[in-house]
Amino acid sequence: MILVLGGARSGKSRFAEGLAAGCALERHYVATGRAFDDEMRDRIARHRTDRGDGWTTHEEPIDLVGLLRLIDDPARVVLVDCLTLWATNLMLEAQDLAARSAELAELLPNLKARVILVSNEVGLGIVPENRMAREFRDHAGRLHQMIAACAAEVYFVAAGLPLKMKG
Amino acid sequence: MILVLGGARSGKSRFAEGLAAGCALERHYVATGRAFDDEMRDRIARHRTDRGDGWTTHEEPIDLVGLLRLIDDPARVVLVDCLTLWATNLMLEAQDLAARSAELAELLPNLKARVILVSNEVGLGIVPENRMAREFRDHAGRLHQMIAACAAEVYFVAAGLPLKMKG
Amino acid sequence: MILVLGGARSGKSRFAEGLAAGCALERHYVATGRAFDDEMRDRIARHRTDRGDGWTTHEEPIDLVGLLRLIDDPARVVLVDCLTLWATNLMLEAQDLAARSAELAELLPNLKARVILVSNEVGLGIVPENRMAREFRDHAGRLHQMIAACAAEVYFVAAGLPLKMKG
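Residue numbers (our numbering), protein chains in the order written: chain A, 1 to 167; chain B, 1001 to 1167; chain C, 2001 to 2167.
Just chain A, with the same shape it has in the complex (with noise of 0.2 Å):
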């Protein structure tokens, strides 16, 4: 299992993408993302086209612990895009983050395809005014913690260029 971290628009999906095309594998694509407004809209879109052809797309914004189980497969590479939209859409829906979370990471070591997960880093800024942001972030950290700590291969991607952090 890879997990990719990097900022807004680091190049941290291209580079995924490219990890997941070196596998002579099956490729899934999972979208978290929630299309809720126009601008969503546009950068999941941009993001579709980015990709180009050769993958199956599954869009979860919730269940995603639901949908890895269902689709796994060893003959599969899975890429999720990504985990902070994820607990986004889990927090707007008022759910459990640190139990969701917890389920993931324990589900992630006992699957059989090969899967690379994106993640945004958003702890490097200033303390948020917001305290629905500091408990985000806090949530998000602790997350990329319990995932990069099983994780095969950990990468922080800044103006598409991955450094290996893990691995």
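You may find that some hints are simply not true.
[To be verified] Cut-off 30 Å, straight-line C-alpha distance, at most; resulting in silico cross-link-like pairs (DSBU-like, lysine-lysine):
#1 C:Lys2166 to C:Lys2112
#2 B:Lys1166 to C:Lys2166
#3 A:Lys166 to C:Lys2164
#4 A:Lys164 to B:Lys1112
[To be verified] These stretches of chain B come out as covered by chain A in the derived footprint (C-beta under 8 Å, 3 or more residues):
#5 1009–1021
#6 1121–1134
#7 1156–1165
The set of hints was computed from the structure by calculation and includes no laboratory data. The C-beta atom is built at its ideal place from N, Cα and C for all residues, glycine as well.
Take the given structure of chain A and dock chains B and C to it, following the hints.
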């Protein structure tokens, strides 16, 4: 002297605690956070639980320089967690952050204890709209530069994984 | 061509100046910041003092491409500080940031001068609530990717310490 930088919930405290535990020295923990609301009290309590036993804890939100002088001893490892909260406290008391930072940077190379300093990297987000936040991140950046310049080792921690920047 | 990325007060300008000073070339400094208020005027003056003598300074907030063409010379090292302020100025004038960025990325590999570009990494904080700020960090991220792709060397600077990402 070692500087450990990282984002919110990046695992920087835990990594620093591991470094301290690796020395066969008497462990002292300097907590700079002030428990002025429930959120902060929770955060401090969680850190204390994560840390476990085997530490002598000092709470000092303002006079870090005085405390470090007082508890300095070659038989000790002193972990300061964290510089960002100390700088926040100084700013809220309208103290001269540049002067206090210079005092700290001057003291550090002269201490006999092994010192490990934890601090938050806060300068990698969008420019804050709030002027005080902009000043704060400028001060924090300058403080990190001063301390990194005289540190033996500097680490940047993300997702619980350390990246050695110096040493 | 060299790209130097870093956060606010990370020491990226000073590191870039050191790289420029290391070349035995005529030193040109391109300041893109606009002194529209006292805070900005202070920042520019402090940078000028930090830099010292031995530089020819050009101030160009908008037409960076035109200026780089004009002063291009194989006997020169040209330090642009910084791309983020240039992009901010373009956005405030409602210019087409994507088009201007593409022009710059196209020009850079064809310049004869040794060029060093400094830019702020702004995409590692929580998603900004302000839509313009979100657009800005998307543009900045794409610009960094384009430039990093054709740069010979890319550095990420934190606490005054450079981390080589490429080269």
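Checklist entry - Which numbered hints are broken by the structure, listed smallest first? => result 4
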